[in-house]
Amino acid sequence: MGLDFKTPQRQSVTGIIIMFADTFQGLIRALWAPILVVLFRMKSENYLLIALGFLALVVLTLVIGYLKYRNFTFFLDEEKQEFVLSKGIINKSKINIQLSKIQQVNINQSIIQKIIGVYSLDIDTAGSDKKEISIRAIDQSLALILKERLLDYGDKEEAVSEEKSKIISDNISNTKPFIKISYATLFKVGITSNYGRTIALLITFAITLYQSFKDAISTFEIDETTVDSAFEKSAGYFSVGILVAGLLFLVLLINIIRTFIKHFDFEMIKQKQSLAITSGLFAKKNTLLNPDKVQITSYSQNYFQKKLKILDMNMKQASSNEAKEEQKKSNVIEVPGCNSYERDEILKLILGKIPEKGTPIRPNFRYLISRIFSAIVFLGIIFTVLNFSEVENITFYIPLIFVYLGLVSSVIYFGFKNNRLYSNEDFVILKHGAWDVEHEIIEPYKIQAITTRQYFWHKGADVGHLTLHTAAGDVHFKFGDFTKIKQLVNYWLYQVETSKQNWM
Amino acid sequence: MEFTNETIDLDLLPKFEEVHFSSLHKDYVKVVYINIAIVLLIIAIGIGALIYFNEEMQQSLAYSIFGISYMVFALVLFFSSVASVKRRAYAVREKDILYKRGLLSTTTTMMPFNRIQHVAMHEGAFSRIYNLAQIQIYTAGGSTSDVKISGIEKEKAESIKELLMQKIQNQI
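Chains V and A, in that order, give the protein sequences.
In case it helps, the numbering used here puts the first sequence at residues 1 to 504.
In case it helps, the numbering used here puts the second sequence at residues 1 to 172.
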């Protein structure tokens with residue numbers, strides 16, 4: 001094997017074993033249930049049959065592994081600066097990757113690969129489906145050379161900038177913080193934010209507690225109906241009131257503690273090009289924020305926060321790796337409880353100027369119809385379930401319906417009232433939310449793709465939906481004037497396609 | 001250098017909604033037929049096995065319930081799939097690629113060339129019989145914005161892919 005990758009080449013010959021192991025693993029994973037059934041159901045005189053079947057399976061997988069190995073080729077097209085990978089026995093795939101788009105090349109080794117002495121080489125672009133571009137068996141030396149070749153083109157700049165940022169972070173301690181959040185502000189943030197999330201958490205907690213309580217009682221062989229009725233008796237409206245008050249208190253307490261742990265000693269320091277952020281009570285977290293990497297900037301404020309003159313800011317960065325879905329959250333940098341002056345300073349730093357709201361588009365009243373419809377359907381489902389589960393005194397739940405209707409209708413109404421899409425030359429701003437009113441700001445050149453959607457029954461009313469795809473997630477605007485949306489889409493496409501700016 | 005900064009007239013910009021879209025190759029519907037047939041066959045085998053092993057179900061009522069729902073399902077699947085294939089279309093413009101699909105709704109995704117990350121071409125077993133291929137286009141917008149266009153003639157798919165790769169390269 002030569003050290004140039006110009007001609008299509010296969011993996012290491014031992015790759016057959018890896019391919020075989022992969023296929024076999026996949027097969028077992030897909031078929032474990034029927035296999036178990038067969039093993040348990042079969043009588044002992046049929047063991048020979050099973051063994052033969054197993055052997056056939058192994059041989060089949062070996063053949064598949066060999067064919068997979070035969071059909072897996074890769075090469076480096078130096079002229080076009082592409083890495084080309086072909087694979088597949090029956091379903092064939094050919095993947096071309098522009099070298100400049102490669103973000104990471106990882107060399108890994110699993111146990112099986114260790115035994116055989118090969119490595120796997122995974123290529124990561126900002127696009128999704130990480131598993132697609134993976135060479136499963138390659139010699140170490142070859143892997144290292146290939147990695148070097150692949151990264152030769154693209155990543156140089158990145159490496160330099162990372163080094164730079166390290167130097168910057170060493171100098172952090174010398175500069176004065178640009179934003180520092182006091183305990184009083186943290187307290188304010190704690191009592192005003194994240195109600196929904198905490199309530200949901202508490203409800204699930206309460207339900208599991210109730211369930212396990214019931215389970216515990218049933219194991220002690222206490223008559224279940226007496227317990228149930230005791231529950232229902234004690235859960236009169238008065239005690240419901242106490243419960244709600246207690247719940248509210250608990251929510252506030254949890255929120256305050258959470259906020260303090262997460263954002264204790266929050267400091268933001270302005271660097272030449274970036275922002276350095278430190279926070280945390282137990283574990284001090286250092287984050288370096290490069291404004292170019294921020295894809296969506298957002299700030300949100302609810303009624304209480306408005307009265308207290310504080311707001312939450314979020315900077316969503318590009319998540320380079322689709323496979324690490326859970327890491328997406330850590331790509332969001334939160335600034336809790338800043339005032340509007342600090343917000344403007346941060347916006348100026350990240351976006352270059354304070355974004356002005358352009359011409360607004362409001363959603364059509366069909367927004368209300370669709371939300372009300374889904375709310376009623378949800379209620380209907382709940383009722384059918386209750387009906388079938390034979391809950392005795394359904395009248396008890398009637399007041400709850402009014403609570404639900406009141407809550408949902410206000411959420412729908414305010415959600416509708418607050419929903420707006422502003423756009424001008426430099427920014428797209430989406431305002432949404434019933435309680436926490438959020439403004440999401442996107443620079444048009446950071447849009448990756450645009451999707452529009454229109455149901456046929458909305459055609460006459462000229463209403464449609466819009467999704468802007470960015471590297472930090474999607475932004476939706478629904479039930480807008482479709483003619484205006486189409487016009488904006490054309491404009492954004494024009495902006496993206498003529499933009500010379502680097503989106504990351 | 002002459003610097004101009006005229007206001008852009010939004011109405012003069014090229015309109016994506018007026019682009020001529022090309023539909024999928026007419027043979028692709030046959031591939032869909034084959035796929036539907038396989039799905040229906042598997043379900044039929046499943047129902048058959050269920051009835052065969054459950055003696056309670058071996059009565060005319062169960063037969064008619066299964067039969068009717070199977071027929072309804074088969075018809076709905078058939079007509080919706082065929083109709084949705086007819087509604088799928090794509091267009092390659094100078095600077096972006098558009099893909100339109102959807103039965104009840106019309107969904108159009110637009111991907112500028114300078115935001116495409118990489119391109120893959122897949123050939124399914126049945127598609128290959130009719131010399132068709134699928135193009136998958138990745139952007140950094142994540143899986144929600146990645147587009148798969150099936151049922152393109154292989155040579156055409158190859159040339160689209162070639163074109164995309166060339167465009168990507170030119171941006172650097």
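Derived from the structure by calculation, the hints contain no laboratory data.
Be a bit skeptical, because a hint or two may be false.
Mimicking DSBU-like on lysine-lysine, the simulated pairs with C-alpha atoms at most 35 Å apart in a straight line are [what the hints assert, rightly or not]: (1) V:Lys80 to A:Lys26; (2) A:Lys156 to V:Lys285; (3) A:Lys95 to V:Lys147; (4) V:Lys459 to A:Lys95; (5) V:Lys293 to V:Lys262; (6) A:Lys95 to V:Lys484; (7) A:Lys30 to A:Lys15; (8) A:Lys15 to V:Lys459.
Hint check:
1. V:Lys80 to A:Lys26: holds, 33 Å
2. A:Lys156 to V:Lys285: violated, 52 Å
3. A:Lys95 to V:Lys147: Holds. Lys95 (chain A) to Lys147 (chain V) sits at ~31 Å (cutoff 35 Å).
4. V:Lys459 to A:Lys95: Roughly 28 Å between the alpha carbons, so the hint for Lys459 (chain V) and Lys95 (chain A) holds.
5. V:Lys293 to V:Lys262: holds, 23 Å
6. A:Lys95 to V:Lys484: holds, 22 Å
7. A:Lys30 to A:Lys15: holds, 33 Å
8. A:Lys15 to V:Lys459: holds, 18 Å
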